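Engineer: Each chain, written out:
There are 2 protein chains.
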Amino acid sequence: MKYYPMPTSQSTAQAVILANGDFPSHPIPKAILHHNQKKLVCCDGAANHLLDQMLIPQIIIGDCDSLSLENQIKYEKIIIKIPEQNTNDLTKAVNYCKNNAVSSLIILGATGKREDHTIANISLLAKYISIIEIITMITDHGFFHVIQHPSQFQSIIGQQVSLFSVQPTAISTTNLKYPLDQQNLLYWWQGTLNESLSDHFDIQVNSPLIVYQAFVNPL
Amino acid sequence: MKYYPMPTSQSTAQAVILANGDFPSHPIPKAILHHNQKKLVCCDGAANHLLDQMLIPQIIIGDCDSLSLENQIKYEKIIIKIPEQNTNDLTKAVNYCKNNAVSSLIILGATGKREDHTIANISLLAKYISIIEIITMITDHGFFHVIQHPSQFQSIIGQQVSLFSVQPTAISTTNLKYPLDQQNLLYWWQGTLNESLSDHFDIQVNSPLIVYQAFVNPL
Numbered sequence: 001m002k003y004y005p006m007p008t009s010q011s012t013a014q015a016v017i018l019a020n021g022d023f024p025s026h027p028i029p030k031a032i033l034h035h036n037q038k039k040l041v042c043c044d045g046a047a048n049h050l051l052d053q054m055l056i057p058q059i060i061i062g063d064c065d066s067l068s069l070e071n072q073i074k075y076e077k078i079i080i081k082i083p084e085q086n087t088n089d090l091t092k093a094v095n096y097c098k099n100n101a102v103s104s105l106i107i108l109g110a111t112g113k114r115e116d117h118t119i120a121n122i123s124l125l126a127k128y129i130s131i132i133e134i135i136t137m138i139t140d141h142g143f144f145h146v147i148q149h150p151s152q153f154q155s156i157i158g159q160q161v162s163l164f165s166v167q168p169t170a171i172s173t174t175n176l177k178y179p180l181d182q183q184n185l186l187y188w189w190q191g192t193l194n195e196s197l198s199d200h201f202d203i204q205v206n207s208p209l210i211v212y213q214a215f216v217n218p219l
Numbered sequence: 001m002k003y004y005p006m007p008t009s010q011s012t013a014q015a016v017i018l019a020n021g022d023f024p025s026h027p028i029p030k031a032i033l034h035h036n037q038k039k040l041v042c043c044d045g046a047a048n049h050l051l052d053q054m055l056i057p058q059i060i061i062g063d064c065d066s067l068s069l070e071n072q073i074k075y076e077k078i079i080i081k082i083p084e085q086n087t088n089d090l091t092k093a094v095n096y097c098k099n100n101a102v103s104s105l106i107i108l109g110a111t112g113k114r115e116d117h118t119i120a121n122i123s124l125l126a127k128y129i130s131i132i133e134i135i136t137m138i139t140d141h142g143f144f145h146v147i148q149h150p151s152q153f154q155s156i157i158g159q160q161v162s163l164f165s166v167q168p169t170a171i172s173t174t175n176l177k178y179p180l181d182q183q184n185l186l187y188w189w190q191g192t193l194n195e196s197l198s199d200h201f202d203i204q205v206n207s208p209l210i211v212y213q214a215f216v217n218p219l
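Taken in order, these protein sequences are the chains called A and B. So the first sequence is numbered by full-length UniProt numbering: it starts at 1 and just counts up by one. So the second sequence is numbered by full-length UniProt numbering: it starts at 1 and just counts up by one.
Please note: incorrect hints may appear among the correct ones.
Treat identical chains as interchangeable: a pair holds within one or across any two.
As the list claims (entries may be wrong) - Here are the computed lysine to any residue pairs in the SDA-like style, where the Cα-Cα straight-line distance is at most 25 Å:
id: 1; residue 1: Lys30; residue 2: Ile59
id: 2; residue 1: Lys92; residue 2: Leu186
id: 3; residue 1: Lys127; residue 2: Asn184
id: 4; residue 1: Lys113; residue 2: Leu176
id: 5; residue 1: Lys92; residue 2: Tyr187
id: 6; residue 1: Lys92; residue 2: Pro179
id: 7; residue 1: Lys113; residue 2: Leu219
id: 8; residue 1: Lys113; residue 2: Pro5
id: 9; residue 1: Lys30; residue 2: Met6
id: 10; residue 1: Lys113; residue 2: Thr91
id: 11; residue 1: Lys81; residue 2: Lys177
id: 12; residue 1: Lys177; residue 2: Thr91
id: 13; residue 1: Lys38; residue 2: Ile79
id: 14; residue 1: Lys38; residue 2: Ser11
id: 15; residue 1: Lys127; residue 2: Tyr187
id: 16; residue 1: Lys92; residue 2: Ile134
id: 17; residue 1: Lys81; residue 2: Glu195
id: 18; residue 1: Lys81; residue 2: Ile59
id: 19; residue 1: Lys177; residue 2: Pro83
id: 20; residue 1: Lys81; residue 2: Gly158
These aren't lab readings, by the way, just hints derived from the structure by calculation. Just so you know, these numbers come straight off a predicted model, no measurement behind them.
Here chain A stands alone, though its shape is the one from the complex (with noise of 0.2 Å):
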């Protein structure tokens, strides 16, 4: 059964990508940000606000509209233009990861702002899951991880967990307060607000599923 350990301030990916939302504030992602810039994909939207705090990015991916035109000719060698409308930034970056046989990513900064943003990124998870082997979602309140085998966390007792199903499908979970035998998730807000009951737990499910725990220390 894959483990997924909680994110730390050592975290690292085979990648890392930079996403359009909030800066991250929250300290273990703002130090995996850091401490991985050389494996660093930022999406254009968020490459200002990084360039301004000489953070350097391997490579910066998007339509480049928002980009100043300074940092355009600055920048040039590590940008990669993909004008195309039909997929959202964060899914070129992880197209991106994919074409350059990344396994394990790490993606920051890809909620907050607008919700509809928010939530696109976050069910897109369920996309990347066939493509990248093992994803993390770090925000500034929590972390998504997404799986489609039975899987083990680890966890804290008491902290609050969330499970998002974006097809039915049955899971069973173990170690949470409010447990799943066998059970679809029919609507986004039946699995939120459960709890972990120990220092992990474990889901069985053989179909996309986001699993989200909050931060046990919120900024």
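Mind docking chain B on chain A? Use the hints.
Structural biologist: Relative to the frame of chain A, chain B by itself:
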């Protein structure tokens, strides 16, 4: 066909709920909060901050664990304690409104902070539409309406629009850049990133659908 105007600083409804997410910062929800104090139902998690600003709601509702002891004593007469944990605070407030024959409702402060709460609060709109006739959720970035019949929306050319279907249902649209013709939206990301082509757009649907319009002047 029901017509949904865009919210303005003057918008009102039979009741206004302030939930536990980000306290309103955008001028429109901020103004609505201020001039609707007399019909304001405040979730207890948001009450301390509201009361600090000398804004006195009609009712404070919730388990009241997070309300300071000082405020619990001072505002005893407007507090309704509901300790049960099976529904979230927003749902407790909406049920209070329903029990008081409210048929039009504005919800503020329901997004931001924890992403699982944001998703739950937005998706619950599809549940609330069975008990409250007209619901508008206004955030710092845009606003949500929830419909279950053919409807027309006031808009601005180029305004970003996203549609969220909580269960498969045939949707048709007019005046949107990426039109739908009796199509289902099976995944949460599928209806995002659309755009209005006119000063209004229409949606044909017969099952709950959540409609998001981004503010043209976001924060």
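Engineer: With 25 Å as the alpha-carbon cut-off, assign the pair lysine 113 and proline 5 to within, between, both or neither.
Structural biologist: between (28 Å within a copy, 23 Å between copies)
Engineer: Using 25 Å as the alpha carbon limit, work out where lysine 177 and threonine 91 are close: within a copy, between copies, both or neither.
Structural biologist: Classified as between: cross-chain Cα gap 21 Å, same-chain 34 Å, threshold 25 Å.
Engineer: Tell me, please, which holds for lysine 38 and isoleucine 79 at an alpha-carbon limit of 25 Å: within, between, both or neither?
Structural biologist: Within one copy only: 15 Å inside, 53 Å across.
Engineer: At 25 Å max between alpha carbons, let me know whether lysine 113 reaches leucine 176 within a copy, between copies, both or neither.
Structural biologist: between (31 Å within a copy, 23 Å between copies)
Engineer: Should lysine 81 paired with glycine 158 be assigned to within, between, both, or neither, using CA atoms and 25 Å as the limit?
Structural biologist: between (45 Å within a copy, 23 Å between copies)
Engineer: Can you give me the call for lysine 92 and isoleucine 134, within, between, both or neither, at a CA distance of at most 25 Å?
Structural biologist: within (18 Å within a copy, 38 Å between copies)
Engineer: Between the shortest in-copy and the shortest cross-copy C-alpha distance, which are at most 25 Å for lysine 81 and lysine 177: within, between, both, or neither?
Structural biologist: Between copies only: 23 Å across chains, 47 Å inside a chain, cut-off 25 Å.
Engineer: Using 25 Å as the alpha carbon limit, work out where lysine 30 and isoleucine 59 are close: within a copy, between copies, both or neither.
Structural biologist: Within one copy, since 18 Å is at most 25 Å while 39 Å is not.
Engineer: Between the shortest in-copy and the shortest cross-copy C-alpha distance, which are at most 25 Å for lysine 81 and isoleucine 59: within, between, both, or neither?
Structural biologist: For lysine 81 and isoleucine 59, only the intra-copy Cα distance (10 Å) is at most 25 Å; the inter-copy one is 53 Å.
Engineer: Since the copies are identical, ignore which copy is meant and state whether lysine 30 and methionine 6 lie within 25 Å (CA to CA) inside a copy, between copies, both or neither.
Structural biologist: within (15 Å within a copy, 37 Å between copies)
Engineer: How would you label the pair lysine 177, proline 83 (within, between, both, or neither) given a Cα cut-off of 25 Å?
Structural biologist: between (46 Å within a copy, 17 Å between copies)
Engineer: How would you classify lysine 127 and asparagine 184 at a CA-CA limit of 25 Å: within, between, both, or neither?
Structural biologist: Answer is both: 19 Å inside a copy and 18 Å across each meet the 25 Å cutoff.
Consistency with the previously given hints is maintained throughout, with no hint failing.
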